[in-house]
Amino acid sequence: DGGITQSPKYLFRKEGQNVTLSCEQNLNHDAMYWYRQDPGQGLRLIYYSQIVNDFQKGDIAEGYSVSREKKESFPLTVTSAQKNPTAFYLCASSISGDLSTDTQYFGPGTRLTVL
Amino acid sequence: SQKIEQNSEALNIQEGKTATLTCNYTNYSPAYLQWYRQDPGRGPVFLLLIRENEKEKRKERLKVTFDTTLKQSLFHITASQPADSATYLCALADTGGFKTIFGAGTRLFVKA
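In order, the protein sequences belong to chains A and B.
The numbering used here applies: residue 1 is where the first sequence begins, and numbers increase by one.
The numbering used here applies: residue 116 is where the second sequence begins, and numbers increase by one.
Derived by calculation from the structure, the hints in this document are not laboratory data.
Cβ coordinates follow ideal geometry from the N, Cα and C atoms, glycine included.
Errors might be hidden in some of the hints.
What the hints assert, rightly or not - Short, incomplete list of chain B residues facing chain A, as computed with Cβ under 8 angstroms:
hint: 1; residue: Gly158
hint: 2; residue: Pro159
hint: 3; residue: Thr193
hint: 4; residue: Ala208
hint: 5; residue: Phe213
hint: 6; residue: Thr215
hint: 7; residue: Ile216
Unchecked claim - The calculated DSSO-like cross-link candidates involving lysine-lysine, where the alpha carbons are at most 27 angstroms apart (straight line), are:
hint: 8; chain 1: B; residue 1: Lys214; chain 2: A; residue 2: Lys70
hint: 9; chain 1: A; residue 1: Lys71; chain 2: A; residue 2: Lys9
hint: 10; chain 1: A; residue 1: Lys9; chain 2: B; residue 2: Lys214
hint: 11; chain 1: B; residue 1: Lys170; chain 2: B; residue 2: Lys226
hint: 12; chain 1: B; residue 1: Lys178; chain 2: B; residue 2: Lys226
hint: 13; chain 1: A; residue 1: Lys57; chain 2: B; residue 2: Lys118
hint: 14; chain 1: B; residue 1: Lys170; chain 2: B; residue 2: Lys214
hint: 15; chain 1: A; residue 1: Lys57; chain 2: A; residue 2: Lys9
hint: 16; chain 1: B; residue 1: Lys170; chain 2: B; residue 2: Lys186
hint: 17; chain 1: A; residue 1: Lys57; chain 2: B; residue 2: Lys178
hint: 18; chain 1: B; residue 1: Lys214; chain 2: A; residue 2: Lys71
hint: 19; chain 1: A; residue 1: Lys57; chain 2: A; residue 2: Lys83
hint: 20; chain 1: B; residue 1: Lys174; chain 2: B; residue 2: Lys132
hint: 21; chain 1: A; residue 1: Lys83; chain 2: B; residue 2: Lys174
hint: 22; chain 1: A; residue 1: Lys83; chain 2: B; residue 2: Lys214
Said to hold, decoys possible - Facing chain B, a subset of chain A residues (Cβ under 10 angstroms, in silico):
hint: 23; residue: Gly16
hint: 24; residue: Asn18
hint: 25; residue: Gln37
hint: 26; residue: Pro39
hint: 27; residue: Gly40
hint: 28; residue: Arg44
hint: 29; residue: Gln50
hint: 30; residue: Leu90
hint: 31; residue: Ala92
hint: 32; residue: Asp98
hint: 33; residue: Leu99
hint: 34; residue: Thr101
hint: 35; residue: Gln104
hint: 36; residue: Gly107
Work the whole structure out from these sequences, hints included.
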């Protein structure tokens, strides 16, 4: 999985709880991304970061938050404000964030289920 | 709105045949297009990238075409093997290249 680790692999959450998904990369990549994947739908971008201490909202950022305090780490918090959080979450990284020349390397994913 | 369409029906083919998967897009002028492979419960793996000024790209048994007039990309796997069974995703990005949009993918089954 290209030097990107995500943990845990499976996560169960009760309604009303916040949970944090871990993403770490040892590829020395500048850019990191969080996607959500639902059955029958394409990956949808939640947040992305092109440099440490900076990140941008993607297409479905509501109910999620991120931080980028270190180059190798980009944790995602799913808050209680996210109405339908059950999904497969994928973290990715790329060398510079210019996807016209780079490709994205994905982690193995975290499957989040709300009970 | 921007839209990417991949055949939602699974593609079943016999080992040794050529598999052809389609990616169509609307309301978009991508600078490039990528194909990824995804196995169940795992993250996508990059396969090929083709730019808008390229008509065709090859890598081993894989071939991708990109027709910006038809707004379509075709992904071919020649001499297919059961190990090629997976879901294949196409993804587009614009000139800025900081964000990509993904299709839902097509599931390929190769029978021995």
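Each hint tested on the structure:
{"no.": "1", "hint": "Gly158", "result": "3 angstroms, holds"}
{"no.": "2", "hint": "Pro159", "result": "5 angstroms, holds"}
{"no.": "3", "hint": "Thr193", "result": "22 angstroms, violated"}
{"no.": "4", "hint": "Ala208", "result": "5 angstroms, holds"}
{"no.": "5", "hint": "Phe213", "result": "6 angstroms, holds"}
{"no.": "6", "hint": "Thr215", "result": "6 angstroms, holds"}
{"no.": "7", "hint": "Ile216", "result": "7 angstroms, holds"}
{"no.": "8", "hint": "B:Lys214 with A:Lys70", "result": "21 angstroms, holds"}
{"no.": "9", "hint": "A:Lys71 with A:Lys9", "result": "22 angstroms, holds"}
{"no.": "10", "hint": "A:Lys9 with B:Lys214", "result": "25 angstroms, holds"}
{"no.": "11", "hint": "B:Lys170 with B:Lys226", "result": "30 angstroms, violated"}
{"no.": "12", "hint": "B:Lys178 with B:Lys226", "result": "21 angstroms, holds"}
{"no.": "13", "hint": "A:Lys57 with B:Lys118", "result": "20 angstroms, holds"}
{"no.": "14", "hint": "B:Lys170 with B:Lys214", "result": "23 angstroms, holds"}
{"no.": "15", "hint": "A:Lys57 with A:Lys9", "result": "24 angstroms, holds"}
{"no.": "16", "hint": "B:Lys170 with B:Lys186", "result": "12 angstroms, holds"}
{"no.": "17", "hint": "A:Lys57 with B:Lys178", "result": "34 angstroms, violated"}
{"no.": "18", "hint": "B:Lys214 with A:Lys71", "result": "19 angstroms, holds"}
{"no.": "19", "hint": "A:Lys57 with A:Lys83", "result": "17 angstroms, holds"}
{"no.": "20", "hint": "B:Lys174 with B:Lys132", "result": "17 angstroms, holds"}
{"no.": "21", "hint": "A:Lys83 with B:Lys174", "result": "42 angstroms, violated"}
{"no.": "22", "hint": "A:Lys83 with B:Lys214", "result": "24 angstroms, holds"}
{"no.": "23", "hint": "Gly16", "result": "27 angstroms, violated"}
{"no.": "24", "hint": "Asn18", "result": "24 angstroms, violated"}
{"no.": "25", "hint": "Gln37", "result": "9 angstroms, holds"}
{"no.": "26", "hint": "Pro39", "result": "9 angstroms, holds"}
{"no.": "27", "hint": "Gly40", "result": "6 angstroms, holds"}
{"no.": "28", "hint": "Arg44", "result": "8 angstroms, holds"}
{"no.": "29", "hint": "Gln50", "result": "7 angstroms, holds"}
{"no.": "30", "hint": "Leu90", "result": "5 angstroms, holds"}
{"no.": "31", "hint": "Ala92", "result": "8 angstroms, holds"}
{"no.": "32", "hint": "Asp98", "result": "5 angstroms, holds"}
{"no.": "33", "hint": "Leu99", "result": "4 angstroms, holds"}
{"no.": "34", "hint": "Thr101", "result": "7 angstroms, holds"}
{"no.": "35", "hint": "Gln104", "result": "7 angstroms, holds"}
{"no.": "36", "hint": "Gly107", "result": "5 angstroms, holds"}
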